[in-house]
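With the hints as constraints, model all of the structure from the sequences given.
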Amino acid sequence: MAHETSDSPAAKDEHHPHGVGRYWLVWALLLVFTATTVITGRMDLGGANIFIALLIATIKATLVVLFFMHMTEAPGANRLVFVVSLVFSIVLMIGVFGDLWTRNPMSLPSGAPTTEAPER
Amino acid sequence: MSSSDTHVPNPHLAHHYETIEKQDYAVRLGMWLFLGTEVLLFAGLFLGYTVYRHFYHEAFHEASRHLDLWAGATNTVVLITSSLSVALAYDAIKRGKTKRCAALLIFTIACALAFLVIKGIEYSHKFQEGALPGKWYHYAEVTAPGANLYYTVYFLTTGLHAFHVIVGMSILIWLLSRVLRGHFSESYYVPVELGGLYWHLVDLVWIFLFPLLYLI
Chain A
62 MAHETSDSPA AKDEHHPHGV GRYWLVWALL LVFTATTVIT GRMDLGGANI FIALLIATIK
122 ATLVVLFFMH MTEAPGANRL VFVVSLVFSI VLMIGVFGDL WTRNPMSLPS GAPTTEAPER
Chain B
10 MSSSDTHVPN PHLAHHYETI EKQDYAVRLG MWLFLGTEVL LFAGLFLGYT VYRHFYHEAF
70 HEASRHLDLW AGATNTVVLI TSSLSVALAY DAIKRGKTKR CAALLIFTIA CALAFLVIKG
130 IEYSHKFQEG ALPGKWYHYA EVTAPGANLY YTVYFLTTGL HAFHVIVGMS ILIWLLSRVL
190 RGHFSESYYV PVELGGLYWH LVDLVWIFLF PLLYLI
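In the order they appear, the protein sequences are chains A and B. Sequential numbering of the first sequence, starting at 62, is according to the numbering used here. Sequential numbering of the second sequence, starting at 10, is according to the numbering used here.
Heads up, a few of these hints could be off.
[Claimed, not checked] Here are some chain B residues pointing at chain A (derived, C-beta under 10 Å): (1) G45; (2) K103; (3) G205.
Bear in mind the hints are in silico, worked out from the structure with no lab data behind them. Please read these numbers as outputs of a predicted model, since none were measured by experiment. Glycine included, each C-beta is placed from N, C-alpha and C at the ideal position.
Shown next, in the form of structure tokens:
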């Protein structure tokens, strides 16, 4: 794999200061995204709210996984098992969302106020 | 001291591994496998949330407005900052800076405690108002059908997350005690790395819980 550089001391010395600066940068970005999601979260943007909130959450999560959790430096097998868990989560979501969007109204719970998709 | 040849016995090498490199590779892979199962666990809960939110959209929206946004946002900042400090602790021990690592772990543990205290205050307010899960719900301000389910999902997801915070904090305390006893150095720091990974996962789950519960 492309990991032979991490053994040489020269590469290590060069890598370390860069690493610490990178952690602080990721932290600052995470704070900026948190502020953004709090501000946009309470604005009335109709159906777009949830998509903006989830998009920001996904960007934040990606930053944490790639840099705080060192996924960029992880060997292929470690990346594979984590990404596969995400893929199967998405498979699960596709199945359930498919059910929700195609459900016969008669099969809805009697207390449910609406059969519409979440739009106002 | 080089441990790539098995002539020098490495005290951290288990007998069933040939080299420390193979052992490190295996423990890291095992940790990522475990993190994968954690993702699947929370994915199921998030889906349960999505289904009920679909059926009771208005009730979920209204009920979410009765959470304390500032408590949630503060806790987000606390967890993000603790994620930074645990990453810095890992970097410190990797360079053999034991004291710096210990100080950063103490800061991270303090963040974990702060998170639990803020969450506890939020919970106690909800208990007093009667915004309780399941059949104990008697919150007068939100009576729409489905609001009950919102609070059930709220307590289930944040409760399971808080349990992860407690487990993560216990792991960090155990790591701190080992750091203070001089168990780790630049040549052996994998437990700090894996404990850090677990703590980042706790942060990851909250990154999704916060907008889904407080900002819908």
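Each hint tested on the structure:
Interface restraint check for G45/B: the shortest CB-CB distance to chain A comes to about 3 Å, inside 10 Å, so the restraint holds. Proximity of K103/B to chain A holds as hinted, the smallest CB-CB distance being about 8 Å (cut-off 10 Å). For the restraint placing G205/B at the interface with chain A, the shortest Cβ-Cβ distance is roughly 8 Å, inside the 10 Å limit, so the hint holds.
The earlier numbered hints are all upheld by this structure, with none contradicted.
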